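The lines below spell out each chain.
There are 2 protein chains.
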Amino acid sequence: MRTAFILIMTFHLFLVAMKIQAQNKDVRQFDVFEVSMKGPSAGNPFKEITLSATFRFKNRIFETEGFYDGNEVFRIRFMPDEPGEWSYEIFSNNKELNGRKGNFTCLPNEPGIHGPVRVRNAFDFGYSDGTPFYPVGTTCYAWVHQPDSLVQETLASLSKTGFNKIRMTVMPKNYDVYINNEPPFYPFEGSKERGWDFFRPNPAFFRNFENRILELQKRGIEADVILFHPYDFGKWNLDKMNQDQATFYLRYLIARIAACRNVWWSMANEYDVMGKTDEEWDKYFRTVQTYDPYRHLCSIHNGMKWYNHSKPWITHLSIQSAYLQDIQDWRELYKKPVIIDECVYEGNIPSDWGNLTPQEMVNRFWISYCRGAYCTHGETYLHPQNILWWSKGGRLYGKSPERIAFLHQIMTETPMEGVYPFHNVWNKETYLIKENEFYLFYYGNSQQAKARMNLPDKIKFRLEVIDAWNMTITPVRGEFSGITEVPLPGLPYMAVRARVVK
Amino acid sequence: MRTAFILIMTFHLFLVAMKIQAQNKDVRQFDVFEVSMKGPSAGNPFKEITLSATFRFKNRIFETEGFYDGNEVFRIRFMPDEPGEWSYEIFSNNKELNGRKGNFTCLPNEPGIHGPVRVRNAFDFGYSDGTPFYPVGTTCYAWVHQPDSLVQETLASLSKTGFNKIRMTVMPKNYDVYINNEPPFYPFEGSKERGWDFFRPNPAFFRNFENRILELQKRGIEADVILFHPYDFGKWNLDKMNQDQATFYLRYLIARIAACRNVWWSMANEYDVMGKTDEEWDKYFRTVQTYDPYRHLCSIHNGMKWYNHSKPWITHLSIQSAYLQDIQDWRELYKKPVIIDECVYEGNIPSDWGNLTPQEMVNRFWISYCRGAYCTHGETYLHPQNILWWSKGGRLYGKSPERIAFLHQIMTETPMEGVYPFHNVWNKETYLIKENEFYLFYYGNSQQAKARMNLPDKIKFRLEVIDAWNMTITPVRGEFSGITEVPLPGLPYMAVRARVVK
Numbered sequence: 001m002r003t004a005f006i007l008i009m010t011f012h013l014f015l016v017a018m019k020i021q022a023q024n025k026d027v028r029q030f031d032v033f034e035v036s037m038k039g040p041s042a043g044n045p046f047k048e049i050t051l052s053a054t055f056r057f058k059n060r061i062f063e064t065e066g067f068y069d070g071n072e073v074f075r076i077r078f079m080p081d082e083p084g085e086w087s088y089e090i091f092s093n094n095k096e097l098n099g100r101k102g103n104f105t106c107l108p109n110e111p112g113i114h115g116p117v118r119v120r121n122a123f124d125f126g127y128s129d130g131t132p133f134y135p136v137g138t139t140c141y142a143w144v145h146q147p148d149s150l151v152q153e154t155l156a157s158l159s160k161t162g163f164n165k166i167r168m169t170v171m172p173k174n175y176d177v178y179i180n181n182e183p184p185f186y187p188f189e190g191s192k193e194r195g196w197d198f199f200r201p202n203p204a205f206f207r208n209f210e211n212r213i214l215e216l217q218k219r220g221i222e223a224d225v226i227l228f229h230p231y232d233f234g235k236w237n238l239d240k241m242n243q244d245q246a247t248f249y250l251r252y253l254i255a256r257i258a259a260c261r262n263v264w265w266s267m268a269n270e271y272d273v274m275g276k277t278d279e280e281w282d283k284y285f286r287t288v289q290t291y292d293p294y295r296h297l298c299s300i301h302n303g304m305k306w307y308n309h310s311k312p313w314i315t316h317l318s319i320q321s322a323y324l325q326d327i328q329d330w331r332e333l334y335k336k337p338v339i340i341d342e343c344v345y346e347g348n349i350p351s352d353w354g355n356l357t358p359q360e361m362v363n364r365f366w367i368s369y370c371r372g373a374y375c376t377h378g379e380t381y382l383h384p385q386n387i388l389w390w391s392k393g394g395r396l397y398g399k400s401p402e403r404i405a406f407l408h409q410i411m412t413e414t415p416m417e418g419v420y421p422f423h424n425v426w427n428k429e430t431y432l433i434k435e436n437e438f439y440l441f442y443y444g445n446s447q448q449a450k451a452r453m454n455l456p457d458k459i460k461f462r463l464e465v466i467d468a469w470n471m472t473i474t475p476v477r478g479e480f481s482g483i484t485e486v487p488l489p490g491l492p493y494m495a496v497r498a499r500v501v502k
Numbered sequence: 001m002r003t004a005f006i007l008i009m010t011f012h013l014f015l016v017a018m019k020i021q022a023q024n025k026d027v028r029q030f031d032v033f034e035v036s037m038k039g040p041s042a043g044n045p046f047k048e049i050t051l052s053a054t055f056r057f058k059n060r061i062f063e064t065e066g067f068y069d070g071n072e073v074f075r076i077r078f079m080p081d082e083p084g085e086w087s088y089e090i091f092s093n094n095k096e097l098n099g100r101k102g103n104f105t106c107l108p109n110e111p112g113i114h115g116p117v118r119v120r121n122a123f124d125f126g127y128s129d130g131t132p133f134y135p136v137g138t139t140c141y142a143w144v145h146q147p148d149s150l151v152q153e154t155l156a157s158l159s160k161t162g163f164n165k166i167r168m169t170v171m172p173k174n175y176d177v178y179i180n181n182e183p184p185f186y187p188f189e190g191s192k193e194r195g196w197d198f199f200r201p202n203p204a205f206f207r208n209f210e211n212r213i214l215e216l217q218k219r220g221i222e223a224d225v226i227l228f229h230p231y232d233f234g235k236w237n238l239d240k241m242n243q244d245q246a247t248f249y250l251r252y253l254i255a256r257i258a259a260c261r262n263v264w265w266s267m268a269n270e271y272d273v274m275g276k277t278d279e280e281w282d283k284y285f286r287t288v289q290t291y292d293p294y295r296h297l298c299s300i301h302n303g304m305k306w307y308n309h310s311k312p313w314i315t316h317l318s319i320q321s322a323y324l325q326d327i328q329d330w331r332e333l334y335k336k337p338v339i340i341d342e343c344v345y346e347g348n349i350p351s352d353w354g355n356l357t358p359q360e361m362v363n364r365f366w367i368s369y370c371r372g373a374y375c376t377h378g379e380t381y382l383h384p385q386n387i388l389w390w391s392k393g394g395r396l397y398g399k400s401p402e403r404i405a406f407l408h409q410i411m412t413e414t415p416m417e418g419v420y421p422f423h424n425v426w427n428k429e430t431y432l433i434k435e436n437e438f439y440l441f442y443y444g445n446s447q448q449a450k451a452r453m454n455l456p457d458k459i460k461f462r463l464e465v466i467d468a469w470n471m472t473i474t475p476v477r478g479e480f481s482g483i484t485e486v487p488l489p490g491l492p493y494m495a496v497r498a499r500v501v502k
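From first to last, the protein sequence lines stand for chains A and B. First residue of the first sequence: 1, per the working numbering; consecutive thereafter. First residue of the second sequence: 1, per the working numbering; consecutive thereafter.
Don't read these hints as lab results, they were simulated from the structure.
Same chains, same label: a pair holds when it works inside one copy or across any pair of copies.
Calculated pairs, DSSO-like style, for lysine-lysine (alpha carbon to alpha carbon, straight line, at most 27 Å):
#1 Lys276 x Lys428
#2 Lys305 x Lys428
#3 Lys240 x Lys283
#4 Lys305 x Lys335
#5 Lys95 x Lys47
#6 Lys428 x Lys450
Predicted model only: the values in this text are computed from it and were never measured.
With the hints as extra help, turn the sequences into a complete structure.
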């Protein structure tokens, strides 16, 4: 279908007088280059005006769609991934918009900007420039659908943590007693009562959404954007799009935000609760694959029913489960990274998915990491105004975030390559290995009085006892080889790290 | 084969002069009636003299084997299960032993003696007389293979707990640094160096073993007798019996101890570690089925490989696993009771199967129970003389036993019939239900500030908050129906029990 558009557009070769404004004439690598143009508003410009562009760098060509932003403004966005001279050409079924060509210079990225996150070494993540990315995520599903004061508080809270990924829904959320507020904007024209015109997106809604993504970007946080979710329960019926409407919505959203380097696609939360067929989900995945020229990370999050993560569009597993002992099996089965995006949350609400102790939340992060996966945080403490971090953001009250940041530090000190989780048939032990070089043994909620490790003979190691809860790293005096015993305090959440003496 | 024995023996119809002594002329129901006889010791009387008996009560006939007990003494043991007049007839290929007939009076059981434990209501246990039996077991694999002073200490420790089942091995045990002492007796004639004569059992060994079982019986403790185990590791080679030898050993043991009402058969511990074929295990199960006239409870305990518990000789699942969320699935699949006979142990040793906190040990008991299973305790605290309860017995140092006894009290207060564990596709909640009558909600290691329960409308319930760790039961003032919230202290290991107002 997209190829068809381009073929149609190539018939409009002559330039007409128009009001196109190319902005950001010079753009930084991995930032957003945008072309905005005046165009017609008659009829339904969202649907009736087709708009796309090709962007060229040397032998490389990217195709991307533009979108109508209201008020007679059309925009095309693009994220260049290499410094140098880029050119572009615009195609539309509208004569005023069609045929514009241009070029711009992409300057090297600012220090600290590394581009989109990709899969690295089969089971891990790294930015486009190869810098490792160790996801330590949190969950604030509907934080963008809260009043601005609360949104600012959420951003301020995030800045104080080490979280570098956030799970967030495009659509507003209605769930149990905890969240049922009207959002500041609705995604489409219409209303619940009159019905929604799913072919008329509300630009203000999406502008708000993409600005929040850029706010995250400034803070180095990846936006794990949840495209569909089942938490409407008849409040807005925004989950009632048919397949054409849903595909239109996906293309519109992709046109707006795919150029943001920190976007990840999470096709759905608890996808199986939505009652769609596998074929329908396949169609939406293909839509994302077709219209996202950057191939952002893409996953789907299960409820009670497992997804076939072997499908080609799945870049990594986004799992809901507390069966962390299965992580190594999932790695072996799919050969993809595993993120435990919900193992339930730190909090004290009555719902059984929201009352982990902070100790157990931290424990699950460590278990996940030492079994070769990554874990995601959420927080659900009862709150007088029902502002639970997990849904609305606001303030964090828990004790796990700083411990999770401590674990992130441990991750950055782990060798970048060749590390794998121990995996035997008993599968009780939890540790990472890089043969003859690095070992990270984690002892979970046990109370063992000493650690017994089977280090290689004839190679000297230095040891450190790590207290995952108290966030201390204590070197053990001496150098060790072979079967080694180290006293531990007999308290839970201890680890021992062995690093070869160089 | 057994039928063949009996056929052969029926040719010896005439009585010869002999030295048979019938003991326990009058016996209590569920106690052991024993016939002892003098006989020849030439050759190998263990193997060469066949001995069996039929015991009759009205229309019921039981067949049982006798055994050679050394010093020219042969014995036949039998446990009558009904009061009244019983008769018996003895068969042997030895003329002196063959053909003896006798009778005895079985008196009603003493108060508090309920007979062997059976499966009750598909998923539960009860004694022969219908009294419910709620297993709360412990593990002292090799306690009978310790010096008598230590054995007495073990028995004294057991008497102070609420444990009513103990897992114990017939053969001595050699495992890691924790247990490798020589036993006071060896089960066969011979030695590791000269080799064992597996067809010449050592009566002193078995006498010691059965006396320990009777000591347990006095204390109301079921002996979960582990017939084979893989923990020899070349120390004695007692695990090196061929199939004929193993079958002979099973028949000898059954002849000696099956008449003890508190015997359960556990075919093997970590059966899959022993490297036998399924066919070989099948043969041993059939041997037990053939020679145990009482059909004692019978199970097999897995290591890393699951057993097909659908096989007809399996009365209940004896599971090693910490995947307690799967319990309801196992119930549904096999329609048999589930005992989690190892979910690892309370202790502080470095091995990952021996360092649970007492809190977590108790938690696993509660989870197992509220998911419709029973759990088994073990204790592995480092000890200056290496006397770890799990293997050698001795003293208990942990904090879980008294909490497990508290849970046993809760079990006895649960309705005897019609209770089942909640089981939905999410399978996160842990509670027992008897519709409209009884609910036991368990909240595990969560820290929820209140419980929210969906009780039936229009039926009044009284509630109690149970603290599984501090062993308190606190009634909640008032009566409740429908969706009900109860404040909790925000600490782990809480439960709420709802009982209908009568």
